[in-house]
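K.L.:
For reference, the chains in residue letters:
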Amino acid sequence: MNTTRRGFLTAAMAAAAHGQLGAQESGHDHQEVPSDLTLRVKALESLLVEKGIVDPAALDALVDTFEHKVGPRNGARVVARAWADPSYKKRLLSNAPEAIAELGYTSGQGEHMLVVENGPKTHNLVVCTLCSCYPWPVLGLPPVWYKSAPYRSRAVIDPRGVLAEFGLQLAEDVELHVWDSTAELRYLVLPERPAGTENMTEDQLAALVTRDAMVGVAKVPAPRPGGNE
Amino acid sequence: MNGVHDMGGMQGMGPVQYEKNEPVFHAVWEGRVYSLNRAIRAWRKWNLDTDRHGIELLPPADYLRMSYYERWFTRLLTNLVQFGFVTKEEMESGKPAPGSSRATPALTATMSSGFLSRGIPSSNDPKVRPLFKVGQRVRARNINPSGHTRLPRYARGKTGTIMIDHGVYSFPDTSAHFLGEKRQHVYSVRFTARELWGESASPRHFVHIDMWDDYLERA
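Protein sequences, first through last, are from chains A and B.
212 is the number that the numbering used here gives to position 212 of the first sequence; each next residue is one higher, with no gaps.
1001 is the number that the numbering used here gives to position 1 of the second sequence; each next residue is one higher, with no gaps.
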């Protein structure tokens, strides 16, 4: 173990300096060769565990939280509640952290939140041009595109062009508000409730709400005639 | 710093690459890198602003080439040595130095849910007076700090309107460098796209940017 781990971490640092860290290989015939990053991260974790700096069970718990407990289904519950309950919606728009905590979603990166409401003539779009700020408690960790250069660079200068790439064409008379998450405020879009959902339960409404609609790159589609489910 | 991370308004980055049914982590190592970063921050040797600046300090070509969690991994290696968690020799050998004492992890599994819900401090501390008020016209200062800043280049020198006073937060430009929290008000400032991007921009396009007192001056 000692010899396999030796040199991996310094190699990672040297590779970073020489532009090779991203050179992951996969797909060689009939072989499952662990990527360099797999080995290097394992080597680092082993070292930190042996030094008593991290507890591997705590790492497991953190991964489990974001893979299974926190994600856009939380945000969908918040949106569905706001659609179904006007007094909840009012609380959500005036004090989002408290209203979101009512549903039990209280983890980090959501302490200071603002919910911005879409309407027939208003559309909101959320971005973090400087890094990857995102409302974790209600949406989980951000998708790769949200953290990518194409989205971060153009969302503020050409939001209609970006939305068109997501398949969303906004009418010319719609006001477009882009929220750049430069501080500790995190933004959640409250999408428009689609037509044809008047008789739906809160659970059925939540099932319609997508992550993309809560970032503002999509609308919530109307349920298909004849019923979805 | 005027780094490549400050991407607002850049062009030529190509179309958005969308992945359907994207997993939270694309490989096991990504989840480990994420949780290692979180667990080591529980030691409180550095703060969120230091972490953000660590990514900004990556050479621009590396920043653009690396995947998101590769950036996190590279920053972590640097921080671990810089803040004395791991020596260069231990990085080389992959083993704790002989005779070195074993620490007790700052974060355990039972603590992790409580840790996750612990917030970023802000307050409505009445002793910290706001320098501006809602409705006021303000100009983002034309400053070019070489350290960490959260004032994006595309807003500097531009005039907007304060829409919301978010309360009091520590100031990233000093906090990232351990130069004090310098707590001050943060505002949501609304800019018209025409102010930011010129006359060809749509009159129905606005950009809202959160800004600290020290980023602003009277317009």
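Hints may contain errors.
Here are a few chain A residues that sit away from chain B, every Cβ distance over 10 Å (derived from the structure) [as the list claims (entries may be wrong)]: (1) Ser46; (2) Ala61; (3) Tyr88; (4) Ser148; (5) Arg152; (6) Ala155; (7) Glu175; (8) His177; (9) Pro223.
Derived pair list, reagent style DSS-like, types lysine-lysine, alpha-carbon separation capped at 30 Å [stated by the list, open to error]: (10) Lys69(A) x Lys1095(B); (11) Lys1088(B) x Lys219(A); (12) Lys147(A) x Lys1127(B); (13) Lys121(A) x Lys219(A); (14) Lys69(A) x Lys89(A); (15) Lys147(A) x Lys1095(B); (16) Lys51(A) x Lys1020(B); (17) Lys1020(B) x Lys69(A).
Hint data in this document are derived by calculation from the structure and do not stem from the laboratory.
Please read all numbers here as calculations on a predicted model, not as lab measurements.
Glycine is no exception: its CB is placed at the ideal position from the N, C-alpha and C atoms.
K.L.:
Taking the shortest Cβ-to-Cβ distance between Pro223(A) and chain B, state whether it exceeds 10 Å.
P.N.:
holds, 20 Å
K.L.:
Find the nearest Cβ of chain B to the Cβ of Ser148(A) and say whether that gap is larger than 10 Å.
P.N.:
Given that some Cβ of chain B is not farther than 10 Å from that of Ser148(A), nearest at about 7 Å, it is violated.
K.L.:
Holds or violated: Lys69(A) with Lys89(A), Cα cutoff 30 Å?
P.N.:
Holds. Lys69(A) to Lys89(A) sits at ~24 Å (cutoff 30 Å).
K.L.:
Taking the shortest Cβ-to-Cβ distance between Tyr88(A) and chain B, state whether it exceeds 10 Å.
P.N.:
holds, 21 Å
K.L.:
Can you confirm whether the C-alpha distance between Lys1020(B) and Lys69(A) stays at or below 30 Å?
P.N.:
With Cα atoms ~20 Å apart, Lys1020(B) and Lys69(A) stay inside 30 Å; holds.
K.L.:
So His177(A) supposedly isn't at the interface. Is its beta-carbon more than 10 Å from every beta-carbon in chain B?
P.N.:
Contrary to the label, His177(A) does not stay out of reach of chain B, its closest Cβ about 5 Å off (not over 10 Å).
K.L.:
Need the status of pair Lys1088(B), Lys219(A): alpha-carbon distance at most 30 Å?
P.N.:
Cα-Cα ~51 Å, so violated.
K.L.:
When you look at the beta carbon of Ala155(A), is every beta carbon of chain B farther off than 10 Å?
P.N.:
violated, 8 Å
K.L.:
Can we confirm that no CB of chain B comes within 10 Å of the CB of Glu175(A)?
P.N.:
The assertion about Glu175(A) is violated, with a minimum of 5 Å to chain B.
K.L.:
Can we trust that Ala61(A) is non-interface, i.e. its beta-carbon lies farther than 10 Å from all of chain B?
P.N.:
violated, 4 Å
K.L.:
Against the 30 Å threshold, does the CA-CA distance of Lys121(A) and Lys219(A) hold or violate the hint?
P.N.:
holds, 13 Å
K.L.:
Does the alpha-carbon distance linking Lys147(A) and Lys1127(B) stay inside the 30 Å limit?
P.N.:
The given pair, whose Cα atoms are some 37 Å apart, is violated under the 30 Å limit.
Hint compliance for this structure: hints 1, 2, 4, 5, 6, 7, 8, 10, 11, 12, 15 and 16 are broken, all remaining hints hold.
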